[in-house]
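Those protein sequences? They're chains D, H and Y, same order as listed.
All residue numbers in the first sequence are consecutive under the numbering used here, ending with 296.
All residue numbers in the second sequence are consecutive under the numbering used here, ending with 605.
All residue numbers in the third sequence are consecutive under the numbering used here, ending with 932.
These aren't lab readings, by the way, just hints derived from the structure by calculation.
Backbone N, C-alpha and C define an ideal beta-carbon position, used for all residues, glycine too.
Mixed in with the good hints there might be a few duds.
Beta-carbon label-pair distances, calculated as ranges [as the list claims (entries may be wrong)]: (1) H:Glu509 with Y:Arg821: 33 to 41 Å; (2) D:Ala188 with H:Ala314: 20 to 28 Å; (3) D:Thr169 with Y:Ala676: 44 to 52 Å; (4) Y:Val633 with D:Ala183: 34 to 42 Å; (5) Y:Ala692 with D:Gly37: 53 to 61 Å.
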Amino acid sequence: MSATSGATSDLRGVLVPRAGILGRLTDRRARTLAQIGLGVVALAVVVVAATLVAPSADATNLLARRQPPSLAHPFGTDWLGRDVLARTLVGLRLSLGIATLAASISAVVALALGAAAGALGRRVDAAVSWLIDLNLSLPHLVLMILIAFAAGRGARGLIIAVALTHWPTLTRVLRGEARRVSASDYVAVSERLGKSGWWVARRHLVRHLVPQFSVGLVLLFPHAILHEAGLSFLGFGLSPDAPAIGNILSEAMRYLPAGDWWLALLPGVALLSVVLAVDMVGGNLRALLDPRSVHE
Amino acid sequence: MNLLEVEGFSLSFLQYEAGLRRRRLDVITDLDLDVEAGELVAVVGSSGSGKSLLAHALLGVLPSNAIEGGRITYDGQPLDLARREALRGREIALVPQSVAFLDPVTRVGPQAERAAVLAGVGEPPAAVKAAFRRLDLPEETVRRYPHELSGGMARRVLTATATIGAPRLVVADEPTPGLHPEVVTETLQGLRRTADQGAGVVLITHDLLRALEVADRIAVFYAGTTVEVAPVEVFTGDGTELRHPYTRALWGALPEHGFVPLAGAQPPPTDLPPGCLFAPRCPIAVDDCRAARPALRRVDRWKVRCIRA
Amino acid sequence: MDLLARRAARLVLLLAGVAVLAFALVEVSPVDPVNAYVGAEVARIGPEQRELIAERFGLNDPPLVRFGLWAGRIVRGDLGTSMIYNAPVADVIAARFRASLLLLGTAWVLSGVLGFTLGLLAAVTRGSLVDRSIRWFAFTLTAAPTFWIGLLLLTTFSVLLGWTPVCCATPIGIDPADATLWQRLHHLLLPAAMLSVVGVAPIVLHTREQAVGILRSDFVTFARAQGERGGGLVRYRLLRNAVVPALLLQFASLSELFGGSILAEQVFSYPGLGQATAAAGLRGDVPLLLGIVLFSAIFVFAGNTLGDVVHGLVDPRVGPLRARRAT
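Construct the entire structure; sequences and hints are all you get.
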């Protein structure tokens, strides 16, 4: 402000600050990075813990059946005396693994289709649009059941079903980016200079699509985990011996009327926490990339 | 006595850019303005120099991440946020830029009626009918939606809605871009009439030439600062009576005066020079100019911010 | 009317695409349809029996022929026979959809009204504790497995408190046709609650985002400059503008609702179309599965079309006839 204006800032502070302004006094950037780190660490802890308790997850103990949560068994035991916490951790690791694969495949499909639609001309664009419409014409779960039926049971079916359902939104985003890039000046210049389409793609397109792709991939995760759980719950997933969370909860349903509430509540809370951790990472990554989403 | 007095007004925003780094934009650094009742003062500056924000500030509708400085006085009393909220729509009115400022899903008649109610006008429907008629709008206009109005009609509806409460201070924010020249004339004449009827009018515009048709004084605005406030009579001939180099350059750049362009561009709010904001482009700048920001010198109601004037 | 014709053409094209896709997927499936039909007794069926079953369902013809025959039958309205329910697929779908309709309808209305109200409340009190609580609540809900919410409701209200039944659409032990309206509603309570709760979250977040955008818009700025504030602002500027995107979202949410009903009916053993979908997929009832897939596509399409019509009705900028500009 002008040092010679001579006026005091009587008006500053009269503009009543909303709650947000006080919060902005702490460094936003630092907090965002911290949250991302926290989320990643939390997920890593789950995976490591699952690996450590894996052997004991299947250990049946018919003397300690259907016990509510205690110090020895923080999540209680099920009808075969198995420790529910151990089973949950193993189930979470399984779900995370499947979701990672499914989300990655989905993201790659979105990248390929989006880039193609944005950069390869009107007809490819129309074809991709039609594919998107087809995908969106059915409710998610119906399409997934159909694909799961087609792909067979087990992990493979789950992964394919989840992977082939969630690419449309990210495809549209990447298509937009690809169109912007392919219509831009420096691409035209590169083409004029005789560079091949492949070179252009690698240099310009990929560089611009990577940020959106990464954020999109992370944001696909929660959907992947939850839908995999849903499919497992319905019975399309893995065999009862290799329990994803959905299976655990589906089995729990049989014993709920008898009052074994911990069989349903606690594994669900665990899954919810994992999804929240992924959401935290994804949301903060997007804030870093596009600060306009931050102006609340 | 001045109806409105703005002294050393400043406006800054805190923004987040990519990577969530925070930065501060100083959009207005030193704005001085005074308006008497019955007077029309034009604030002239190029587009994007932050002058529209002055209008929003006076009405108390700035976004929450705005930081103000300086002093604003209305009718002899400080115009703080609470007072702005109390007076707006009644004594102080904003005539906005475009039809985007009208509610798209409501007919314009009810919108004007609502404004009348807020202004404390008796019998709003009749008042709206009268106001529309005064501006030569056909009667059935009250039933139209904003997107159904032509540019000229929208301009008249905005004016009618804003001034329905007979305000004492009218702030017209860039009312003329994109309009047919006849509509521009009509709009400006309307503002002149409003001033003649006793209100104080602040006309914010980038069009110096047309502002001269109706203004009493011109406040020249550059890079967030008032550089000169001069009576309209001195804007004549080859501009030798103008004091500030920028004002002279502005005058000289008009097509009628030889279209002499000025090299360079206005500094952005994130990158203001340390001394006089115009020094980098000024033909008569000296070292003292670049050292510190000049103070505003006043002779009667004529103000200049230049040590060489 | 030309608009209607174009819409109908789009639907036909879409259904054709869905039909081809669904049939192709079913072809790829490793599930042996004969085994799927026979079920547990598969060990006791001899080769001649298998042949008979295969012949009966036309399973021995080449795929293209089967698709052609199936498509031809579909167009004439014959969706085949369900293996599980041993009844025409069309009848099964109709009956089960009727059962699900009340469930879907209640959840749709409840989640819409509740979601819209909470979303507006959050936007108007932006930054406050109320806003943050609502956002936190909605956000957590979107992170929770939907069927798990149902299990929680089941555990709390049916098992621990005993207020609601544990399963089904009508009390066990009596003929479903004899159940009274109150009994039906009693059984509807929890599944509808689950679907509503699950559906509320995205509506709250979307409405809030739209409302915040509206409150930042130029016309709200002008309204405030006229002295409008608080209740007046909400009533005269926010409400009418927020309703438009909210309605669009409501109709678009029908797709998720249908999917949600599959899970809800599984948790509460509610004998509706959702449960039939899961059963058809699990037990390989191809005719029924294909029929439901086509039906759900029509359902979603109808929802979207209705949404567009309603949009044209509430938003004066969008209309079947474009208004002429006055001069």
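Go ahead and decide if the range 34 to 42 Å is satisfied by the Cβ distance of Y:Val633 to D:Ala183. holds (39 Å)
Lying within 44 to 52 Å: is that true of the beta-carbon distance D:Thr169 to Y:Ala676? Since D:Thr169 and Y:Ala676 have Cβ atoms about 31 Å apart, the given range 44 to 52 Å is violated.
Range hint compliance [Cβ, Y:Ala692 to D:Gly37, 53 to 61 Å]: Holds, since Y:Ala692 and D:Gly37 (Cβ atoms, about 58 Å apart) stay within the stated range.
Does the Cβ pair H:Glu509, Y:Arg821 satisfy 33 to 41 Å? holds (35 Å)
Does the Cβ pair D:Ala188, H:Ala314 satisfy 20 to 28 Å? At roughly 25 Å between Cβ atoms, H:Ala314 and D:Ala188 fall inside 20 to 28 Å, so the hint holds.
In summary, the one numbered hint that this structure violates is 3.
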